[in-house]
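Asks: Using the hints, position chain B against chain A.
There are 2 protein chains.
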Amino acid sequence: MPALQNDILIRALLKKPVPRTPLWIMRQAGRYLPEYRATRKRAGGFLTLCKTPELACEVTLQPVERFDLDAAILFSDILTIPDAMGLGLSFTEGEGPRFSKPVTCMKDVQRIAATQPLEGLDYVYDAVRLVRQELGGRVPLIGFSGSPWTLATYMVEGQTSREFRKIKGMLYAHPELLEHLLEILSQAVVEYLLAQVRAGAQAVMVFDTWGGVLSREAYLNYSLKPMRHVVTELLKTGTQPVVPITLFTKGVGQELADLAATGCHAVGLDWTMEMDQARALVGSRVALQGNLDPAVLYGPDEVIRREVRKVLEKFGTGSGHVFNLGHGIQQYVDPEKVVVLVEAVKEFSPAYH
Amino acid sequence: MPALQNDILIRALLKKPVPRTPLWIMRQAGRYLPEYRATRKRAGGFLTLCKTPELACEVTLQPVERFDLDAAILFSDILTIPDAMGLGLSFTEGEGPRFSKPVTCMKDVQRIAATQPLEGLDYVYDAVRLVRQELGGRVPLIGFSGSPWTLATYMVEGQTSREFRKIKGMLYAHPELLEHLLEILSQAVVEYLLAQVRAGAQAVMVFDTWGGVLSREAYLNYSLKPMRHVVTELLKTGTQPVVPITLFTKGVGQELADLAATGCHAVGLDWTMEMDQARALVGSRVALQGNLDPAVLYGPDEVIRREVRKVLEKFGTGSGHVFNLGHGIQQYVDPEKVVVLVEAVKEFSPAYH
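Protein sequence lines correspond, in order, to chains A and B. 18 is the number of the first residue of the first sequence in my numbering; add one for each residue after it. 18 is the number of the first residue of the second sequence in my numbering; add one for each residue after it.
Hints in this document: simulated from the structure, not taken from any laboratory. Source: prediction; values computed, not measured. Be a bit skeptical, because a hint or two may be false.
It does not matter which identical chain is meant; a pair holds if it fits inside one copy or across any two.
Calculated pairs, DSS-like style, for lysine-lysine (alpha carbon to alpha carbon, straight line, at most 30 Å) [said to hold, decoys possible]:
no.: 1; residue 1: Lys267; residue 2: Lys242
no.: 2; residue 1: Lys32; residue 2: Lys327
no.: 3; residue 1: Lys327; residue 2: Lys242
no.: 4; residue 1: Lys124; residue 2: Lys354
no.: 5; residue 1: Lys331; residue 2: Lys267
no.: 6; residue 1: Lys183; residue 2: Lys327
no.: 7; residue 1: Lys267; residue 2: Lys183
no.: 8; residue 1: Lys267; residue 2: Lys327
no.: 9; residue 1: Lys124; residue 2: Lys327
no.: 10; residue 1: Lys327; residue 2: Lys58
no.: 11; residue 1: Lys183; residue 2: Lys363
This is chain A alone, in the form it adopts within the complex (with noise of 0.2 Å):
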């Protein structure tokens, strides 16, 4: 594999210093993209342009040729591994995801206990290796999985969720049933996260897009617990290069210096926390990454300018700040506003460095 030539990321994320703050976008291969709504026509489905190595590697690489950032991210779907579980995996056009078999009972989960999971997913390391291959070194390739707990929230409510009822009442009426899913879901993340390791991806990132739904003590026991397994299982594998590891947890909140205890290197921030208040719960110990309001994007240029004037002087000078939205590219996005984003960071962020 050819040299990094871009490691600002990695060197950012891992707290060293930078010429200027690195640069990538949650959801940056998406729909806001004519170049990815066209690709997306041609595979004829989302899953079938998740699963056709060829098809996902060219999405991902449609963003880094249009604009100037400093990371890949593989384009998946989060729930490739409860898909490769079994339990039947469909998407509805503007109805999200939908699993034709949902995890109900013990019964269920021993099910999923007794699947290889990890085999059934070659089709992203395929493309994790295509990607590599394909950016022939000139920015890091983001690796990702999604949470333990928002993959079972997912596999138990059966489909997107306001009020997350059914694993709600699985955590207060049967939590060893919880607990016992959420330990499968672990080890298969671990497992997963290293087989895109092993195969090209040069930095993970664990999405827990549901966490903020929990109480404290649930979110500890349910949702951190289960990522802190995930961070210490991936550190003991001592990879060399030093591979970081963010967690994100949308909607967190005091819970965040928790999340930087747990031994990763970053964290991911929602836009409703400020970063300066976010740096004075975690201290120096972790690097952060956010967060400025994805519908910032639909403002005219200057307020773009203005807002990420803003995130970076509220995180202030030194290393340690991965610029990105506090949550996924909208749709709607005019992907001109985003060239207007990458201008605006790197003209106002050497300052910081």
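Replies: Quick look at chain B alone, frame taken from chain A:
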């Protein structure tokens, strides 16, 4: 009007001594009750139920008849004001509210400014009067309104949203338009709540369901500032006896301290922040309402009792706690579980007073 026999809610909201922690339940008149479903069926539709004072009164009283609660809360919808502004409100089963004429430009805002919405809301004040009469002083009646920001989200999005693309687009691209809309709504909310108080509401609550989707700065400008205006104007009226004002922003973080500084008497908490942490943030300024995870009611009786105890213990000793769920009770909860909750609060809470 007969004198109040059970005034512990009012006393706790004003941080006066009480023998035990008062309790009511957000959305206590709701679909989890078979008698509510029967009345709603008889009404034909949700809006008819809201707009027929006799029926609204009937469902308001149902939970008070069934459980030993310390307050009634007016059964109504949070979108009565925008409905009276002529936005064409309708409800589709399972899809939530929809406005046929959402607010998209300054012309729409000016059209709204020219309406007299308060005149169209007599059915609300009539319901308040009826409920007071029927309650016969057993427990106080709480009136309520959506917060200006929360009303604006529905008015601009036209329906329930996940990404709040339109209103946040307005916030970043046309803030003057949003500010104008919020000024109109702030004044309407003041007049609406005052009319409820004149009709007999003995406490009022402002539901800011969507303040938590904003960045801190945007929250302070677009959600908190209008609520502060509402509080200030209500306090100016100097009603005797005092009508306690509770503000509730779902998903609030550090901004809880700002919320408490508005001059309100109490703040509501969802279940994601713990009571001791909240108390540390607000000091002795306000009472706190909450904050059991509504999903706890899916657990077995001993888990409900254990979790009730935890909330009481986290608040600790002294007055200023109103027990409640952290959000509305869900429709699939067994009403018998509410009996367990009520009994647990009555059994455990005297030890903290």
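Asks: Now tell me, hint by hint, if it's right for this structure.
Replies: Now the hints, each set against the structure:
Taking the shortest alpha-carbon separations for Lys267 and Lys242, both the intra-copy value of 16 Å and the inter-copy value of 25 Å come in at or below 30 Å. Taking the closest pair of Cα atoms, Lys32 and Lys327 come within 30 Å of each other only inside a single copy of the chain (21 Å); across copies the shortest separation is 39 Å, beyond that limit. For a Cα distance limit of 30 Å, the shortest separation of Lys327 from Lys242 across copies, 21 Å, qualifies, whereas the shortest one inside one copy, 33 Å, does not. When the C-alpha separation of Lys124 and Lys354 is checked against a cutoff of 30 Å, the pair qualifies only between copies, where the shortest distance is 27 Å, while the shortest distance within a copy is 50 Å.
For the homomeric pair Lys331 and Lys267, the shortest alpha-carbon distances inside one copy (19 Å) and between copies (25 Å) are both at most 30 Å. Within a single copy, Lys183 and Lys327 get their C-alpha atoms only as close as 40 Å, which misses the 30 Å cut-off; across copies the closest is 23 Å, which meets it. With identical chains, the CA atoms of Lys267 and Lys183 are at most 30 Å apart both within one copy (20 Å) and between copies (21 Å). In this assembly of identical chains, Lys267 and Lys327 lie within 30 Å of each other by CA distance both inside one copy and across copies; the values are 21 Å within and 25 Å between.
In this assembly of identical chains, Lys124 and Lys327 lie within 30 Å of each other by CA distance neither inside one copy nor across copies; the values are 51 Å within and 32 Å between. Proximity of Lys327 and Lys58 under a CA criterion of 30 Å is satisfied in neither setting, with 38 Å inside one chain copy and 52 Å between copies. For a Cα distance limit of 30 Å, the shortest separation of Lys183 from Lys363 across copies, 28 Å, qualifies, whereas the shortest one inside one copy, 45 Å, does not.
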